[in-house]
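Asks: In case you want the letters, here they are:
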Amino acid sequence: MMRPFLRRVWRSGRSYYGANLAVNGALAVIIALSAAFLIPLIRPENIRGIPPGMSPQLAYERAVAVVVLTLSLASSIGASATAAMVAGGSIQADIRNGVYEMLLGNGVELAQIARGLLAASLSAAAALYLAALAAIGAVVALEAPAAMPVMPAAALAMLASVVSGAVLIVFIGLTKPELFKMATGVGATKNVAYTISLAPGVALLFSMLPFFGGLDLGGAVAVAVALSSAALALSAVLAVATPRVANREKLVSQAE
Amino acid sequence: MLALDVSAGYRGRTVVEVSASVPPGVTALVGPNGSGKTTLLRAVAGAIPARRRVEVDGRPLGPRDVAYLPHGGLDPNARVGDELEFYWEVLGAERRDYAVDLLDLKELMGRKVGELSRGQARRAELAVVLALRRRVYLLDEPLEGLDVQYRGAVLGELRRLGEYVIFTTHDPSAVEAAAGWLLALRGGRLAYSGPPSGLKGRVAIRARKGGEVVTVETDRPEEKVEELRSLGYSVEEVRSTAVEELMR
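Protein chains in written order, with our numbering: chain A, 1 to 256; chain B, 1001 to 1248.
Simulated from the structure, these hints should not be mistaken for lab results. Wrong hints could be hidden among the right ones.
[Stated by the list, open to error] Chain A residues, not near chain B, derived (Cβ > 10 Å throughout):
#	residue
1	3
2	60
3	93
4	99
5	104
6	105
7	123
8	138
9	202
10	209
11	225
12	252
[Claimed, not checked] Which residues of chain B face chain A? A few of them, derived with a C-beta cut under 7 Å, are:
#	residue
13	1048
14	1064
15	1070
16	1088
17	1091
18	1233
Small disclaimer: the values here were computed from a predicted structure and weren't measured. From the three backbone atoms N, C-alpha and C, an ideal C-beta is built for every residue, glycine too.
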């Protein structure tokens, strides 16, 4: 049951949002590569406000590590948006084209659809996560090997950002598909579903900002690990809940 | 007998409420636009949440006993072959070649759904469902957009599809050609359930005198035919308009 959904999601997500996928993918690569330009700009002599008792070398290593952590999260948001678009684009198209009505009316259970879509969405998340992690990992290994110890925490935070986006987009798609509609605000137009799916990654990214000033790497890693674990646990709960709370009526009647 | 006891709607508003029994064979489901035909089929098929009791000979119908043809269902950006393969794999189609041959789909397999005419796309949608082997077939306007050749082929196959076939139509001739039983809805309620021949109602008589052709509607056909003949008309056609009335 999983395989047909995997093929379908990758095919239809690509055909509906090909241009957006290319832009998002390019954005993720650019963010990852920008680390290659940013990291050499950080030098021990450039660091101001070193806490008393901390050597300039240690301050430098911590500054680089916090930058790596932050850039990793920024890169993962690009990967998360791309993965969400693969799954979300497919869900949107299938609702509009009456695919779920055909499936549900011919005896396919909502839970089977949800499982298939979650697997497909997570496959997109896994592929893009590995690509983003490889890009960041390569840059850090080449340019800032001293920051390598922070990579496990960065990898966990990136995973949380991408997985929560992938699960959230399926949850929204099957429970509140009306959120795929565009919303206009003051000077902005946004697709609410995709915006929500990126929220955990953005929250993780912003949680790193307070640590730039104090060079508190231990605090940054602790917060990143705690928030990432919470996001992953919440994603697991949502993944289990999705088949139970998916809205059969909306999946069928939204097409009209 | 197929027993239906269904109440369904959207956003908490009841659209259709029907209790009916249908004998084996082909049943036409008719009614004006908005009478609840599509909602009834969706509810019976289990596509939407509903208060629903559907039984065959007193036994509840399982989800894999029903084949359901909605409007649409194919992605216009996908190839016909990919779409059919997806559905057939997920739904467990058992007679793919039969559906492809009946609907003459071989040449269309490599084409994108969005490039097809409405009739060609309908043939592809029909193939999804006709490839399934199920007890009950629920077909929402299966003839929509089909040309004469495929319309005839589909109508001819309805009796052979499964034990129970219910199809909706706005075409009285399709009812006449295929249906042994008729369900008519009006305002979400059952207006008629019985054989088409059991409908008593008005009849349309077409008669000619020289170059003059008249069509008269009456509920006393014998008297009207006699009257027209006495006036020198030759009667060309007498047809029931009862089914048409149920569709209006």
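Asks: Each hint needs a verdict: does it hold in this structure or not?
Replies: Now for the hints, and whether the structure bears them out:
no., hint, result
1, 3, "8 Å, violated"
2, 60, "52 Å, holds"
3, 93, "6 Å, violated"
4, 99, "6 Å, violated"
5, 104, "4 Å, violated"
6, 105, "3 Å, violated"
7, 123, "16 Å, holds"
8, 138, "35 Å, holds"
9, 202, "31 Å, holds"
10, 209, "41 Å, holds"
11, 225, "40 Å, holds"
12, 252, "5 Å, violated"
13, 1048, "5 Å, holds"
14, 1064, "4 Å, holds"
15, 1070, "5 Å, holds"
16, 1088, "9 Å, violated"
17, 1091, "5 Å, holds"
18, 1233, "49 Å, violated"
Violated hints for the displayed structure, listed by number in ascending order: 1, 3, 4, 5, 6, 12, 16 and 18.
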